[in-house]
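2 protein chains.
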Amino acid sequence: MSTTVSPLAPTDVPDMPPIAGVKLATAAAGIRYKGRTDVLLAVMDKGTTVAGVFTKSKCPSAPVEWCRAKLGRGARALVVNSGNANAFTGKTGRQATALTASIAAKAVGCSANEVFLASTGVIGEPLDATKFNGVLGTLAEQAAPDEWMAAAKAIMTTDTFPKVATATAKLGKSKVTINGMAKGAGMIAPDMATMLSFVFTDAPLSSAVLQSLLKSGVEDTFNAITIDSDTSTSDTLLAFATGAAAADGAPKISRASDPRLKAFAKAFNEVLANLAEQVARDGEGARKLVEVIVEGATTKNSARKIAMSIANSPLVKTAIAGEDANWGRVVMAVGKAGEPANRDKLSISFNGIRVAKSGARDPSYNEAEVSEVMKNPKIQIKVALGLGKSRDRVLTCDLTKEYVAINGDYRS
Amino acid sequence: MSTTVSPLAPTDVPDMPPIAGVKLATAAAGIRYKGRTDVLLAVMDKGTTVAGVFTKSKCPSAPVEWCRAKLGRGARALVVNSGNANAFTGKTGRQATALTASIAAKAVGCSANEVFLASTGVIGEPLDATKFNGVLGTLAEQAAPDEWMAAAKAIMTTDTFPKVATATAKLGKSKVTINGMAKGAGMIAPDMATMLSFVFTDAPLSSAVLQSLLKSGVEDTFNAITIDSDTSTSDTLLAFATGAAAADGAPKISRASDPRLKAFAKAFNEVLANLAEQVARDGEGARKLVEVIVEGATTKNSARKIAMSIANSPLVKTAIAGEDANWGRVVMAVGKAGEPANRDKLSISFNGIRVAKSGARDPSYNEAEVSEVMKNPKIQIKVALGLGKSRDRVLTCDLTKEYVAINGDYRS
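Protein chains in written order, with full-length UniProt numbering: chain E, 1 to 412; chain Y, 1 to 412.
Incorrect hints may appear among the rest.
Note that the list lumps identical chains together, so a pair holds whenever it fits in one copy or between two copies.
What the hints assert, rightly or not - Using 25 Å as the maximum straight-line C-alpha spacing, the simulated DMTMM-like pairs for lysine to aspartate or glutamate come out as follows:
1. 23 x 369
2. 91 x 141
3. 23 x 295
4. 70 x 128
5. 375 x 409
Hints listed in this document are in silico derivations from the structure and should not be mistaken for laboratory results.
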């Protein structure tokens, strides 16, 4: 496993403010790793609402099934462990989630139905939930409002840096805060599964409002990134709203269409976008952050499919790794997407330099100029289809030998 | 570019018999490569029928568009060049196909509408068809019945070995012969596009019969392989039937449902399957041939989608490269396919050794035994879904650092 921090890691890490109603604590429970934390407990005040979106995998992990079943009620605790994904573990997996929730409920003093769970790590190994005995009780006692960086570190697997983001917004006349953390790496890292993200706010939002915000928020953030086209069995994004800002006069919002939500929704989406970009920046073996923009499509959905076809193409990704503005491969990826496209109307640019126009090489193409911009750690591929007015954008990273090494060398 | 022959290359190369009515010749026209042949001319007798299947890319190459428009009539000549794909070349690409066909027509003494074309190589570079002037005339004079290996070599790009196959079958009381050749490598090799394959027979088959055979034959052969999920703009498979065996008493077949076709169809499919497997064996950087079998699916189409999801997963492919029987990644790939699957009914085996059963690790799993079989150059991944009776099979190869090097290093 790589221990070098990705060259694409953000250079300024935000100071994470507390969120009223949320306390965090971490511990080393020895689930798999030695010498590092691997359990996070978040304790939320009574009245906290929760929303979630999950992997679309037909073979989801036991914690994903647990969380799906508990949505719509309140939340008092979140337990996240790294080192073991509790995925493809059959009946023992379901038993492990129930036991973990029951230990956490006792520690926090709530119902097991108010405990949310996420696991990331090896697939197919039984998770020994008895390891949480004692540990969660201690964590509940130690939980404090300022442990955000420690929390983000405890949920990492092959991530090379912890991922946090924060924002504030006006809700009515009050200031509310949004904090988020994420882990990524590959959709499955060496033997490990998962993209996990947790977002917390003190805004007083109903579960339905929070779910609506989350569902629309992920569309252009977490659903618009790809590392390697592989979807984990454990992808989980949970949002918690403690409502503590109501004490400062923040209005309680119970309709997603409430106009007072506008500024909050913007800040919430910014946190999601920030975290999602960090996941792309920490893709396994990544040396380049790649932004794919597709314009002039007949629909946004069509633009998304073409952008994903480009972002998932191994040949496009290896070309970027080789600092090659290989627009032929971009054409290939547009063509294979199966969406409306007219070869003779296509234009393609790399970092603002147009290399192909109207279905052929741009007459003004200058190889030296293009080679120079391809050295940039951030590469923007823009495709203009020339068919309609719709547009979309996705983020990915390049495909390097290091990706193959991380995912193929660990046994040999 | 790699010059080492793939370790998966077939060890016995067949002697290619002549096909009555077909003559071949190759030349070095200097399109891109130095010191090797890069043009193939096949000349067919009058009365030859032709069928074709092509890339589904929305951005096909000019030769693909040319061939599609000419199907349904007869064929007298096939011109294939390597080094330049004549793809994404705009109007000049269409002019190049017309000029090439006209030069070939003059050389062979036929109509340009009876000339079929395929190009493989760089995308986006104009193809200078004037280079065929003179060359094709000489080739038409030199064309001979026994140039099959030379032909298979002339159409190579980053292929590490030429790909040929041959079979015979009874048609009525006569023996007829089927010869085929293919080129593959990546869907796009360094800057290059294409899977090309050409199959020839002396059987007297109508165009409609040949098209029907080809359409059903590719389904479980060329359409059931993947190297890297990338689809070229130039994929072309053409079949030609000279009908010369009619002189030996072979019956003329004009209905696809004719029962006399049975043995021929079987042999024809064997040639396609043989060539398709060779393409998988010569995938860029391949060190393992991977056969993915999905059983117990609700439909064959569903089994195909799941098998392709596994075969295209970078994480499954890198695990195979690392000789790791990582069934967690296979579960992941089953889950992301979006097809009916029940985690708790899944069984997975590698080279006949079951590693997962009923949604959890097989209790009899023996790591040492599994590690041993993963050293085999051919890996079979079998997934039993336990839902229905349908089955499918696809071939792929592993994903190695060499793939990334071939496709990413050539510039740096």
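Outcome of the hint check:
1. 23 x 369: Neither. Shortest intra-copy (52 Å) and inter-copy (48 Å) distances fail the 25 Å Cα cut-off.
2. 91 x 141: Answer is neither: 31 Å inside a copy and 73 Å across each miss the 25 Å cutoff.
3. 23 x 295: Neither way: residue 23 and residue 295 sit 44 Å apart in one copy and 49 Å across, limit 25 Å.
4. 70 x 128: within (22 Å within a copy, 66 Å between copies)
5. 375 x 409: Result: close only across copies, 14 Å inter versus 27 Å intra.
The structure is inconsistent with the numbered hints 1, 2 and 3, although it conforms to all the rest.
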